[in-house]
Amino acid sequence: MAEILALAEAVERLVRDGDTVALEGFTHLIPVRAGHEIIRRRRRDLTLVRMTPDIVYDQLIGAGCARKLVFSWGGNPGVGSLHRFRDAVRHGWPAPLELEEHSHAGMANRYVAGASGLPFAVLRGYTGTDLPRHTPTIEPITCPFTGERLAAVPALNPDVTVIHAQRADRAGNVQLWGLVGVQKEAVLAARRSLVTVEEIVPELTPVPDGVVLPSWVVTAVAEVPRGAHPSYAQGYYERDNDYYAAWDPISRDRDRFERWLADEVYREAA
Amino acid sequence: MAEILALAEAVERLVRDGDTVALEGFTHLIPVRAGHEIIRRRRRDLTLVRMTPDIVYDQLIGAGCARKLVFSWGGNPGVGSLHRFRDAVRHGWPAPLELEEHSHAGMANRYVAGASGLPFAVLRGYTGTDLPRHTPTIEPITCPFTGERLAAVPALNPDVTVIHAQRADRAGNVQLWGLVGVQKEAVLAARRSLVTVEEIVPELTPVPDGVVLPSWVVTAVAEVPRGAHPSYAQGYYERDNDYYAAWDPISRDRDRFERWLADEVYREAA
Amino acid sequence: MTGKYAEYDSDEMMAVAAARALANGVRCFVGIGLPSTAANLARRTHAPDLVLIYESGAVGAKPDRLPASIGDGILAETADAVVSVPEVFNYWLQPGRIDVGFLGAAQLDRFGNINTTVIGDYAEPAVRLPGAGGAPEIAASCREVFVVLPQSRRGFVEKVDFVTSVGHGRGRGDRERLGLPGAGPTMVVTDLGVLRPDPDTAELVLTEIHEGVPVERVRAATGWDLRIAPELARTPPPTEEELTALRRLKAAS
Amino acid sequence: MTGKYAEYDSDEMMAVAAARALANGVRCFVGIGLPSTAANLARRTHAPDLVLIYESGAVGAKPDRLPASIGDGILAETADAVVSVPEVFNYWLQPGRIDVGFLGAAQLDRFGNINTTVIGDYAEPAVRLPGAGGAPEIAASCREVFVVLPQSRRGFVEKVDFVTSVGHGRGRGDRERLGLPGAGPTMVVTDLGVLRPDPDTAELVLTEIHEGVPVERVRAATGWDLRIAPELARTPPPTEEELTALRRLKAAS
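First to last, the protein sequences are chains A, B, C and D. Here the working numbering is used: the first residue of the first sequence is 1, the next is one more, and so on. Here the working numbering is used: the first residue of the second sequence is 271, the next is one more, and so on. Here the working numbering is used: the first residue of the third sequence is 541, the next is one more, and so on. Here the working numbering is used: the first residue of the fourth sequence is 794, the next is one more, and so on.
Treat the hints as calculated values from the structure; they're not laboratory data. Just so it is clear, the structure is predicted and the values come from calculations on it, not from any experiment. Hints may be right or wrong, so weigh each one.
Claimed, not checked - Sample of chain B residues facing chain C (criterion: CB under 8 Å; computed from the structure):
no.	residue
1	Phe296
2	Gly344
3	Arg356
4	Arg394
5	Leu401
6	Thr407
7	Leu531
8	Val535
What the hints assert, rightly or not - Here are the in silico distance ranges between beta carbons for each label pair:
no.	chain 1	residue 1	chain 2	residue 2	range
9	A	Arg226	D	Asp914	36 to 44 Å
10	B	His404	A	Gly235	46 to 54 Å
11	D	Glu1034	A	Glu264	41 to 49 Å
12	B	Arg496	D	Arg965	32 to 40 Å
13	B	Thr416	A	Gly18	49 to 57 Å
14	B	Ala515	C	Glu698	34 to 42 Å
15	C	Glu698	B	His361	45 to 53 Å
16	C	Asp589	B	Arg461	41 to 49 Å
17	C	Ala792	A	Gly18	47 to 55 Å
18	A	Thr146	B	Asp512	42 to 50 Å
19	A	Glu98	B	Phe415	46 to 54 Å
20	C	Ala663	B	Arg311	30 to 38 Å
21	A	Arg226	D	Thr871	44 to 52 Å
22	B	Arg314	A	Gly147	27 to 35 Å
For every residue, glycine included, the Cβ atom is placed at its ideal position computed from N, Cα and C.
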């Protein structure tokens, strides 16, 4: 059963140096506040996993938390590039960043395999592209019935997955809705999981297009209102597009970024 | 886009002699009236596919529509055995019935592969059981990353899948909810599909735990109120448990069954 | 037959004994029929936080009456989450998240292997049974498996005619050799007693006998030379609370 | 530059030309940015029944403004069905249900191969781009692919530095040899004109040129020796209706 914890304690207990950590969210419901808490706790040597690393991953990388990134699309959606990510890839600042890159279809299926207790997944993918030449986690596989060749990718099983959801009940059952991305799979694939929620309510009422994660597949729940800002939480608040735009100049410059870290992340710890 | 048709015309056009036909429904929303229409149109040599063949499959088999059954559990749920099915297996009456049997996990994954455009699916299944000795559509497969051995099963791609749903709109978009079984996969895996619905409404409003099948993946929709009776349609009517119990004595006796066919199925055609 | 025994029948004793096996908070993948009765009884008595998972896609179902079938609407209406059938097998059963798989059986053998496919030859069966359903993977993937069925010489055989679901194969170590993750059947509850696998051989041994049942009757209802545990326990008879809850559940259905 | 050309800019011409390529009723898998603008414009003008599928899981989205990102809430709120990301790739894209994959690109080569991964060497890139996203499988599985990007010598190269998504490989027949089911890029819309693969060689050839654009300007903006179709068509300029719809869409965002 999920424990209901304060965010700081939850991150302290669940996220450890050297862990493989997935913070998932496909534009919607990105667990940004939890990401900042990981920075604040100065976690190191993380293998960060995410289909769509965006600014919270730029922040984690720039803060020196990551040694590797497993991903399929890294950018500032609607704005442009991730400059801390680029700086780490090109200049190893503040630390070298190893890359393992896939397509969305490959990453999604890796989570599906992880959630399903299978060691690999099969898809029609990567054929003819340069990805298999650089990504060792893509192998051919032959259909035992038709002889057809397809692609296999290994399961993703993060040490810890962090997601943000609209709400949980007091027993730790979690509910999210709207674009639910790959969050269910990422939680079910992980050894441990932390869900930050907009609010804890006495009872979950059914919602169209809703996903419920029962308390017994979640390790910890933390109430973190606006925990997905600057992304959005359907039914709670809109996406803060200005924040995404404002991130671009901050992230382009190492000094400005470090000031941002000091002011916006580390200061909160004091 | 789905055409809205009368049931008789839909079955006439979509279900052909020799077809592989799946009528899916996991206790809930079983397309019984459509099954009776298949009997009435005297379709022959069908390969019937279903995870849980129950009394409507007993009726189709007894009426001589089937030459093969692909399934994982065949029974009269809560009552006992399917006697027409047994009679066909043991005595070839009214026609011999070839069997291809799997587990639920295998059948579900065969539909998933079919819906996904893959030739096969992988699961942890069948190990140590006698099923692979009798079912040729189970093969071992080796994980290219870990070397682990798992089971592979080929995709199911019915010529036509028939399901029952709560409702559709006038454009042929289909909505079902409650226990949705494997119906989405069975429709997406099929070359053609027919959905019978309780009612056609001007607009579909979102429903918790609802599944929507857009019109463009459905071939035909037919309005058939109580089309799932004696199974149930959540929000419309309850399961008729007495009907299931009453089926047992009818199905035990060939003559009684034939009278039932004449009275309850063929007579309606006149 | 004692006075107490007269107050309930052996089917009730079986349901109660099976229910008692489920600890509170356990995640249980429930087959329909006797397992569902026992699991719902447990939830109504000592195990209110038992998590019931049905292969029809109801995760955390809390029915207030016995479901008439595995797809009874009350399962969806009361579940924490309703998922598709592929999802229940792939995301919930297969990864080993479920503590107990609770199964019925038509035929069970000395090593807890289960047959629900055919009696006799596969091609020319004496009795054609419903088939596998979810059982092979439930028996493989749950941390342990409980089986509940009435004891008879026809049902309890030396070797099943068809292995639909693997128990302990031909003895201790076979599950490991096959790579099956769960512990397999750790308990078989019948209307006469409880059998458990011998720690060394995995052969099912009578470890518990229900109140008022003579050992000879259990032997006579078993198709192999049944071993009796040196310290044979007596099943405590159903309590008032258990019987009342069971009868209420059944009456509501 | 004619009077008409002065009334709109080349980006608007590009969006309009791209939108026109989408026939009504077509199922279109939409990349964010220019493809999304064009697809939504088509739905607002000649193709009201265009079915828009976004990789974020919105199937049949009907946004009344341009989505700010691929996961804009308006997509879920207006969709016929909202599905998980694994489902959108496995059940909707992979089986070949989608007519048109509409993609952007950072770099595109003579045979329509797309690079969104790196400029320069993979290990020591001159520019690190976002990566593959959904594009490799969109380019593989859709019945055909439209690409939209502004034309420049940097973007239109002889050979891409990294094949993120396969167009026509190194020429006609390569897709078949690779076993890719769709027809690949059948149209590349730019701010200067429209390129289509030569039926024999699959090399991209200028088949259409926008009003007021000299051929030499297109050649100068192409990193290979661009062939011009013998019957070079002129793109009709945007209509009043198209321009109004486009500007309204953008203003609402």
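Exercise. Which numbered hints turn out to be false for this structure?
Worked result: 6, 7, 8, 12, 13, 15, 19 and 21
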